[in-house]
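Colleague: For reference, the chains in residue letters:
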Amino acid sequence: MKPLEFSAPATLDEALGLLAGTGDQTGVLAGGTDLIIQHRSGHRDIGHMIDIKKIPELNVLDFDTKTGLRLGAAVACDDLGAFAPAQKHYPGLVEGAELIGSTQIQSRASVGGNVCNGSPAADTICPLIVLEAVCVVRGKDGEREVAAIDFMTGPGQTALQQGELLVEFRIPPPPPRSSDAYLRFIPRNEMDIAVASAAVAITLADDGKTCVSAKIAIGAVGPTPILVEEAAAALEGRELVNAALEAAGKASSAAAKPITDMRGTVEYRVHMAGVLTRRAASMALERIQESD
Amino acid sequence: MSKKRMVNATINGREQTLLCDNRMSLLDALRDAAGLTGTKEGCLTGDCGACSVVMNGKLVDSCLVMAAEAEGAAITTVEGLAIGSDLHALQQAFLAEAALQCGVCTPGFLVASKALLDRNPDPTEHEIRYWLAGNLCRCTGYQKILEAVQSAAAQLRDNPR
Amino acid sequence: MEQQGSSGKGKYKVIGTRPIRHDGEDKVTGRAQYGADIMLQDQLYGHLLRSPHSNAKILKIDTSKAEAMPGVRAVVTSQDFPQGEISAGKKYARDRILASDKALFKGHPIAAVAAEDRWTAEEAAKAIEVSYEVLPAVMDVMEAIKEDAPLVQEGNTTSTLGGQDAKPSNIVNHTQHKRGDVDDGFAKAELVIEREFDTKAVHQGYIEPQNATALARSDGQITVWCSSQAPFWVRAELSALLELPLSRFKVVPMEIGGGFGGKINSYLEAPAVLLSKKTGQPVKLVMSRADVFEATGQASAVHSKIKIGVNKDGAIVAGQAWLAYESGALPSNWGMQGSMCVFAPYKMEHVLIDAYDVLTNTSKVAAYRAPSSPQAMFGTESVMDEIAQELGMDPIELRLKNAVQEGDLRADGPKFPRIGFKETLEAIKNSDHYKSPPPSAPNQARGLAAGFWFNAGMQSSATVGINMDGTASVVTGSVDIGGSRASMSIMAAEALGLTAEEVRPSVADTDSIGHTDVTGGSRTTAVTGTAVYEAAQDAIGQMKKRVAKLWDISEEQVVFEDGAFKSTANGHDPMTVKELGPKLGMTGGPVLGSATVAPKSVGAGFGVHVVDIEVDPETGKVAILRYTAAQDVGTAIHLSYVEGQMQGGVVQGIGWALNEEYIRGEDGAMQNTGFLDYRVPTMLDVPNIETIIVEVPAPGQPYGVRGVGEVPIIPPLGALHNAIYKAIGVRLRALPMSPPSVVKAIHEARKIAEPAAART
Ligand SMILES: Cc1cc2nc3c(=O)[nH]c(=O)nc-3n(C[C@H](O)[C@H](O)[C@H](O)COP(=O)(O)OP(=O)(O)OC[C@H]3O[C@@H](n4cnc5c(N)ncnc54)[C@H](O)[C@@H]3O)c2cc1C
Ligand code: FES
Ligand code: FES
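Residue numbers (my numbering), protein chains in the order written: chain A, 1 to 292; chain B, 293 to 453; chain C, 454 to 1213.
Derived from the structure by calculation, the hints contain no laboratory data.
Please read these numbers as outputs of a predicted model, since none were measured by experiment.
Watch out, some of these pointers could steer you wrong.
Computed beta-carbon distance windows for the label pairs [what the hints assert, rightly or not]: (1) A/GLY139 / C/GLU1201: 21 to 29 Å; (2) B/ALA366 / A/GLY23: 47 to 55 Å; (3) A/ALA254 / C/ARG484: 55 to 63 Å; (4) A/ASP207 / C/ALA1076: 36 to 44 Å.
C-beta atoms are modelled at their ideal positions from N, C-alpha and C, and glycine is treated no differently.
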């Protein structure tokens, strides 16, 4: 391991300045639960580590019924999990964030780091996609917005350009009679990376039965998370009875394009994308019905 | 810029200044710079919890914290659980319930269990198992650890220390 | 907790209680010094360069760039061992530590560096230039066994049935046990079931990685601090490899963070010594977790065929087993051990067992708890379950009908002394768990299986010193891996009429106690315990002389009974060791008892487990609802640690059965080299494990101890397999029974059940 520089800038500008100056050997450090491992294993060659947790903009955590949730990129998962409005309005996102690692990892891991790491198995990306989250990105040339579905561009790759930081997520307020859910499959009950996952957000009509809108995303079954429009279409305009849920599951299985690796085979992952879609959809449905 | 730094931290209530290479993790700083070898290394990838410490009130794997991040932090390690010769209720319960065999996971379990009981004095069995799922023990099968945490919790509820 | 059998209850005062372990406080306060905790003056950090290839010729190693780096103090390779004529066996031993002409597995150490800090050591290792000629590798036992398979060791030929084949092959040993005529037996049997089984390589998964620190002084004296189950074996190996007398080495066993058999072989000790010799400074080496997985001993992947023939009443007529064990890239004899376990629990008239040890391009297989038995008995217990099912017999009744007992011959020959298999089966039969109705919701079921382990003998030494206040100290050479200090104190206390707290136990380095073999094979409590007992008897004999002197009677008139010396001539009040202590000085000075023992073997152990599970048929995930383990432990010395051994073993068995495996990529390399993907059970994955301690004292043992540690890892494999079958209607016959394999089995069974036409 080569000698390392370490900085912990207190402002966004200072951080962006450091980032601009240090090139591709810079490692942005949020919770470090991916970065420190990659650095130590030699998987990433880092000459300068920049800790972003002291920057106020990256630590916002705020909910407003009109504008929705603002989640700073560096907020730790356990802090998001303890934030009551998030639990109430975005249970699927909280589920995803709380699934990451152990208690110890929860204290450190951020949602920002989870998506910037670019893993197709990341547990928060599918919930962010179905909630239509916007990723706010800052570089030395200013701010831009990237839709969550466009953020990951390939395994380990994101829409971030050299010198840019992810600052926060903005998530619109959920419409009435809607909810979301996230499920992943792991062989153990804790401490595992998703073999397959599914996030579902649905909104029901006034009748409390018919689905007016649905968003379904599946993870770990392709190089990037997949927004499955066919699965959403299988729910929209229908009563969410078994047949519709089954159809959505089938659509997810059909859309899944996984590879075989140490975490699962193609066959199993395709199968699980369907199972998880169906189960997550009925969880989201139950949540709406319970809150009635 | 320098590749080494002085890190000021309060470790088990004692202010310390440690000379750390920037490549050091908090685990390295504790073991090599502060000489506190009670915190153990089992994986260096956040999977085993043997290196668990409490930093600024949060339970963390010290192998996944950079030493430089500990600047100004308050840290509790296994060495900070007993007060003088007075063992913490968890330490006593681990001994009484035979919750350790080889003992290498024990410091991590003790620190993690303390963090749990500090926030939830009366956890259910499931809550204990869930909270401690990031601490691996290969010797005990976990049952006696569970029983020790339950017994220490009961004792602390009767007689908070 | 229940206890059954002819317990020593009432017979003992200290045995069977639960004193606080003597090393406990140090271990809960963080004060205990494990191997990696040592920090010596002027210490250097070492790092190993390891092979990226599974099989490659080493053409050239150029260390010059590494040596020239600032902060680097020394680089060593296999060339730094004494060179010259070398026996094949010794070359294997040396090559395992540092490769010479060939890299035999991925992670095989090629060179070692010592530097001022660990980052420099790591960078320097990277700067070593090695030219390899990459060769085809073979990982799988069934591939390696083929005639045209690439040869792992060109020089290896098969040792077979007492002879040696001429042709090079990957088979190290072919072991055979034969009794009666199996063909005849199967022909007579009314039901014959033959099945094939597969298990993957698994790892012991101890939490503390291997480490070693060495200091070679300029006067030629060498000290090594390490985490080893067998410090005396480390010393012997160092002496052999470095061609120096044993007396030049002192091996100091540090506290050890688990082993389960995996810390019997040495790995880092010799490179640390070589580096220290070159630098004159202490050098510390520590493995990474990935090194531990790739380059220490996993337990064999095994392919087996098991055939059992029975009569309608369930009586076994004949059994045949074919077992092929992964050996790793260096010869071993795990298959031979498996052949001794596979049918051990059952009476059989006709037996034929063939076992093979097969070389593969993987790290040399090491012991793992009851080594070889789990893989062998997995097949046996599955076939027994199928037989019970076919005959409509209760699985316990089937086993009771065939269970070996005192006087029966084990399938591979030896005669059993008093054993407690039947008692253990009865204990499960009468348990709360087994008597309760099996879970009956859809996808729920109950499974059962048994396990056998012979328990190792070998050699141990101990001393028992009587202090001037009548308390005692016990010194052994068995490292304390799970409470053995406490057990030794209990046994000494029982012998001397003291309390466990009045005995201070310690684990000595190789200078300070006589030769003691490995802590493993469940031998510590039984064999080192015997040495402690004998040493205590020696001390008692010496003390009798002192008492005789004090009482002015003859030595023969002094007896030691119920914890006190008594006079057979009248007129003296009994005197305890505590009372005698202060008088030792004036009657001839200190008393130190010592003993060395070398029993051939100790009592065999049996376990029977029952488990209730629920399978999620959509995801294939298995949830364990209830688990009960019964085991004949002979005599339980420290109840808590007996329960703990059983619970820990069961949980390792559960991991083996459900999720643990070496996952290899196309290049054969292990992919899941961390605890995130090598899935040992977490606290959330297992329920409480109910334990039933059966006590059928082992004959010939002072306190009737059998080993405890090994047996409990065996039955979970079969018990879970049999339960999963009952839940989903398919037998997997392969481990691990991970979610994808369970789903696949369900889907395949459905395809067979509903022919294609019906599906469209
Ligand atoms: C034991 C263990 C278990 C885990 N389990 C899970 C799991 O169940 N599910 C899961 O999804 N993941 C899991 N992970 C992976 C990891 O914890 C998560 O991906 C986590 O969310 C990463 O967040 P972090 O804050 O630690 O990121 P870091 O490690 O700090 O950063 C991750 C990457 O993102 C970059 N980055 C971070 N923040 C920004 C930013 N604001 N702008 C630009 N770049 C940035 C970093 O440079 C780095 O490349 C696990 C990891 C471990 C060690
Ligand atoms: S050493 Fe830090 S989690 Fe294992
Ligand atoms: S006691 Fe050995 S790992 Fe827990």
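Colleague: Confirm or reject each hint.
Modeller: Verification of the hints:
With their beta carbons about 53 Å apart, A/GLY139 and C/GLU1201 fall outside the hinted range of 21 to 29 Å. In this structure the hint that B/ALA366 and A/GLY23 lie 47 to 55 Å apart at CB is violated, the actual value being about 35 Å. A C-beta distance of roughly 60 Å is found between A/ALA254 and C/ARG484, which places it inside the suggested range of 55 to 63 Å. Distance hint for A/ASP207 and C/ALA1076: a CB-CB separation of about 37 Å, consistent with the stated range 36 to 44 Å.
In the structure shown, a violation is registered for the earlier hints numbered 1, 2, in ascending order.
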